[in-house]
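Engineer: The lines below spell out each chain.
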Amino acid sequence: MPEYTTASRFRLSGLCFLLQIITIIIFAVFVRYSPESSPGFCSQQLNCSWRNQDAGFQHPRFRDVHLQALLGFGLLVAFLSRYRPGSVAISILIMAFAIQWAVLIQGFLHFFLNGKIYVGAQSMVSADFCTAAILISTGAVLGRVNPVQMLLLTLMGVILFSLNEYILLSLMGVRDSRGSLTVHTFGAYFGLMVSRILHQPHMDKCKKQQDTGNQPDVFAVVGTIYLWIFWPSFTSATTVRENAEPWAVLNTYFSLAASTLATLVLSPVLHEEGTLRMVQIQDATLAGAAMMGMAGEMLVTPFGALIAGFLAGLIPPLGFRFLTPVLCSRLKTQDTCGVHNVHGLPGILGALLGTLLTALATADAYGGRLEFIFPLVAQGSWTATDQVLCQLCGLPITLLLATLGGSLTGEFCLR
Amino acid sequence: MPEYTTASRFRLSGLCFLLQIITIIIFAVFVRYSPESSPGFCSQQLNCSWRNQDAGFQHPRFRDVHLQALLGFGLLVAFLSRYRPGSVAISILIMAFAIQWAVLIQGFLHFFLNGKIYVGAQSMVSADFCTAAILISTGAVLGRVNPVQMLLLTLMGVILFSLNEYILLSLMGVRDSRGSLTVHTFGAYFGLMVSRILHQPHMDKCKKQQDTGNQPDVFAVVGTIYLWIFWPSFTSATTVRENAEPWAVLNTYFSLAASTLATLVLSPVLHEEGTLRMVQIQDATLAGAAMMGMAGEMLVTPFGALIAGFLAGLIPPLGFRFLTPVLCSRLKTQDTCGVHNVHGLPGILGALLGTLLTALATADAYGGRLEFIFPLVAQGSWTATDQVLCQLCGLPITLLLATLGGSLTGEFCLR
Amino acid sequence: MPEYTTASRFRLSGLCFLLQIITIIIFAVFVRYSPESSPGFCSQQLNCSWRNQDAGFQHPRFRDVHLQALLGFGLLVAFLSRYRPGSVAISILIMAFAIQWAVLIQGFLHFFLNGKIYVGAQSMVSADFCTAAILISTGAVLGRVNPVQMLLLTLMGVILFSLNEYILLSLMGVRDSRGSLTVHTFGAYFGLMVSRILHQPHMDKCKKQQDTGNQPDVFAVVGTIYLWIFWPSFTSATTVRENAEPWAVLNTYFSLAASTLATLVLSPVLHEEGTLRMVQIQDATLAGAAMMGMAGEMLVTPFGALIAGFLAGLIPPLGFRFLTPVLCSRLKTQDTCGVHNVHGLPGILGALLGTLLTALATADAYGGRLEFIFPLVAQGSWTATDQVLCQLCGLPITLLLATLGGSLTGEFCLR
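Chains as they are written, first to last, in our numbering: chain X, 1 to 415; chain Y, 1 to 415; chain U, 1 to 415.
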């Protein structure tokens, strides 16, 4: 992080104060708790066909909400193992701001009724998805932007994320319940584009990454364990019904297990020194999770999850070895924490896999689960082909919004 | 921690053995599991109008009990970031003893029937509240007392905490479901008073705190994450009904988010070096949680939680800068981990906010929730004014018991 | 870990790839998700009288499955504090492979029907038990075997564990719901036997253990906290019914508290330097948990759990002081992480305590819980004496299978 002058310190303090005050005022004017005691209040009038198309039926148990905080924290700790000095505290502040801001922006899009935003458990879960995407974005620029730029990036990122999510999930009916597209792909490419715009030819060197010594990394160990323990449960909190839940959780577990083993297959071949580093396992874990973001609930056999996870686990080692140097030298895009390898590519692959599975989805294979996963198809209002086309369109739209939004944000807000 | 002589080592070992044997004997004579399969057995004969006035109705799910262990551990890890050498192990031992002892003492006060104490999930939850308060107390004297003194402080602290809690919650009917008064305020001032009594003019120097180097503190990172993840869920385990739950959890989240941002507002102004340290964010998180201890379930709008959290987040930086030096030099009270700034003042402020909200509570604003939060008012046996007076009296009683108890404990047990 | 040559690196990579491909193929041929939406599908045709004799009735909530990942991770982090360099990453890989392999092997034994293995939540829970046992085994040989040997040890260990578990729980009807025998005792003695076979006279020195410096050990702190927080809940996820649950959880808590205090009693007497180290408390925590593996659900009074935990807490300090040196010099068995003191002996003691409690179990003491804990006795198809004999036979069978299997594995696979 660049040195602070007294002026910049006071500017940061002032901006932060201003943002918090503005947020409080908007909250005071617009935000109210759902009048119903049930969390995630979703009356007839509200647009409920959102993250989960039948969100109106479900009432995520409140106990689960707190687990959502983990997604962000898992990512946070994961980044610590790549880029440490001073960035930890700023990342937590970014989270604290992103959560408030996401509740507002998403509230206007989804829970706005009679001039008020009605927040509940569902709002918090959605806000945490958004926070996770923002943390992924910051992973690309960490160490090269100052806190004020971070706050502005958060401000814009939340708006763009919510817009993209609204278009995909609510307007188009894309099924992406754990964010292969909306969280991982969007977050990675938004951050990379900002990083590209902020490129300073004389300052940024394409250093070789992953050379932070070979001490067993405390943060990577803690981060990996967090992901293993909480990511599958995070999965379970966002899937619609008890019925659809088990497969998604088990698929995520199998995917994590296979992606971890994939690292062991590639690492001795790619790296001369041969010692496996925790941070590599952590990358594989994240990639395995990103891969299951869309396809997790659609896979109907365990070996599918194993294969997908294994492929996802191959991406980060190969990416860091062959892609990151090219990205840096040719495309002038630095990627501090390697989000392209860990979130971007696995996210895209996960979206493609999800689309493929949608094409293969038949009532025979899914049985009663079809109506939970593709309700519009089950109801007969869509054909399976419609759903496939819709899933397929999600990817270019996300990439477009992420790169366009990233370049505008970088050009006009952070310069 | 002072050096050990052989004699003191054996005395510690002997005392510990004696305490454990005595505890086992008392357990053997008095303590039985609740005959009912339902946790937190609460028959007609038992005084159930305790922590939650309608505890009789509720049966906290057992799954939640294990989450309680976190409160203590969150605090524990939090302290590690301030004062490390050798104190970790002792703190865990204090916890292990405090839990057993609290089950006994609180059992005699609440679950005593026909000559037996009937323990269940509810006992464990209450014992953990007590353990948290004791850990806060030890935070004030950490590093200046030996393990034997720690054990004696625990012995007395548990008794005084249980007495204070019994008077406030059971006898007076104060509503303080997550312990702004009973845990944070009591714990902080009990510890500070003991610290005052143990003051040794020639040995204690008022060192400047918060100068533990600027490496990203592993313990502070882990501690902060624990608090964010588990504190709101801790909240949810102790609130009465599903109906009252959502608001308390969401209020706590909003409070944590705002208090974290408050640190970023103040820190660049107060500290010349300008780098934000994890331990400051951790303090803000704790203060934001202490603030919601009483008011969390009473706030009916999200922006109230944001404002309260923001104010709570301002206290620790200001306190460490201006109050702790005065406390140490003028009042001769050292405060190793800064519990006065992090628990004491936010606890008091939280209690005052809770009282204010009680005064503003109307059946209109609360709707059906009134009977869960202020059952006596809802039933008509009390007026709202009675409840306000009762809440207001809780603060001086807690302060009196904490300071009086602390000075007696320091004077007669630890000298 | 020994140095890697290029050949050995490629051999590891190849073996790993081969194992993953074979696993995927077997999964593709045999493994399917349970057709029922309910986790742990257990139809009339399947042999359901397995881990919990009435597993057929229960449907562990899926939410709990993710908690299972913790058992392994708790142990993992626990070992990190004893033996660090490079072993972390390998241990996680072992876990990732063991989980997949255990799902297969246990699937063939328990969930095989019409040529397919039907996996669900129950499979994952069982696989995690198995993984925990394997991790305990690797704790004995950590640092003296290479990754290829680790993978082979996992391969054989999973098969032997599943066999032992099948004989004990399914064929004989032993009641050991949280693995005093099947996990702790089997894991420890299997690993020790492998360690004995791999003994190299000129290389292995009986170094004094526990001298890893006196910095407050981050890994031991994190490990201990994990165990405290998640072990009791792990307990709760595997016990049968809500009714039997509370006692098992509370017994585990009381046992952990007492075993932690026992360390404080012994440590100052045994160690001259007198400073209590986190790793000792962690050992006590593990021992206290191993002790409750079989007896946790059978104890009907809290003071029983306190006494048992206190005794368990005495074993590790005494074992490390007096037994480990003898084990190493006389029996030529090195024990890198001290699994004999922490898992082996407390596991045996726990099994003996469980047998004793079975002998004392009467319908009077247990009431309605008898049918959940000893269903065969409650149904009248067995006498209480039958159950006692059965429990008693479990110990020698486990020891026999562990030592025999360990020597065969060491001799024929790892040499």
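Rather than coming from a laboratory, the hints here were simulated on the basis of the structure.
Hints may contain errors.
Remember, identical chains collapse to one label, so a pair may be satisfied in a single copy or spanning two.
[Stated by the list, open to error] Within a straight-line C-alpha distance of at most 20 Å, the following computed SDA-like cross-link-like pairs (lysine to any residue) qualify: (1) LYS332 with LEU113; (2) LYS116 with PRO396; (3) LYS116 with PHE303; (4) LYS332 with PHE303; (5) LYS116 with ASP364.
Because the structure is a prediction, the values reported are computed rather than measured.
Engineer: List in ascending order the numbers of the hints, as given earlier, that are violated by the structure.
Structural biologist: 1, 2 and 4
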